[in-house]
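J.: The numbers in this note's numbering rise by one with no breaks, and the one at position 48 of the sequence shown is 54.
Take these hints with a grain of salt, some might be off.
Cut-off 25 Å, straight-line C-alpha distance, at most; resulting in silico cross-link-like pairs (BS3-like, lysine-lysine) [unchecked claim]:
id, residue 1, residue 2
1, 144, 121
2, 65, 153
3, 65, 92
4, 118, 65
Just so you know, these hints were derived from the structure itself, not from any lab.
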Amino acid sequence: MKEITIDETKLPAVMELIEKAAVLMAEKDCGGDADAKRELANLQTDLRELSGNEELQIKDFQRYWSYTDLETMARKALMAPPSKGKLTDAQLKEIVLNILKFREAEMDWWLKYLKINTGLDNLTDYIFYPDFFGLDRKATLEQIADKIIADRA
Numbered sequence: 007m008k009e010i011t012i013d014e015t016k017l018p019a020v021m022e023l024i025e026k027a028a029v030l031m032a033e034k035d036c037g038g039d040a041d042a043k044r045e046l047a048n049l050q051t052d053l054r055e056l057s058g059n060e061e062l063q064i065k066d067f068q069r070y071w072s073y074t075d076l077e078t079m080a081r082k083a084l085m086a087p088p089s090k091g092k093l094t095d096a097q098l099k100e101i102v103l104n105i106l107k108f109r110e111a112e113m114d115w116w117l118k119y120l121k122i123n124t125g126l127d128n129l130t131d132y133i134f135y136p137d138f139f140g141l142d143r144k145a146t147l148e149q150i151a152d153k154i155i156a157d158r159a
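Start from the sequences and build out the full structure, keeping to the hints where you can.
T.: What follows is the structure in structure tokens.
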């Protein structure tokens, strides 16, 4: 299984950019206030340059605190987006068997990776609600992995 790496030296700067953007979006009308809109666009440009990820949308970090913490958001921003690859059944099983061992940012990345590579939109439900797919509510991760393999497109 490949390792997800981020440049830890960039973490503080990314956290600062995300926090500035979140505060700006909470305090100003970034759609109607031209200065606020420009400042937000500059923060997005800075975040994309720092992370190397041109797909990042600064508005995705609005109110992050309602569901996670700043460091997790910064880690997510520093991760390269998952892409489609040739995922074998053994690799898929290894990811599923280890999915709960990852920190939140890494778990989210792997779930997106699996979604892209299996064609299953509701991948999180397989892991947390296996009974939705005909498995026992307390199914093992191995049983869940086998079900995902059987159901993948």
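J.: Next step is simple, just say for each hint if it's right about the structure.
T.: Results for each hint:
no., hint, in the structure
1, 144 x 121, "holds, 22 Å"
2, 65 x 153, "violated, 35 Å"
3, 65 x 92, "violated, 32 Å"
4, 118 x 65, "holds, 19 Å"
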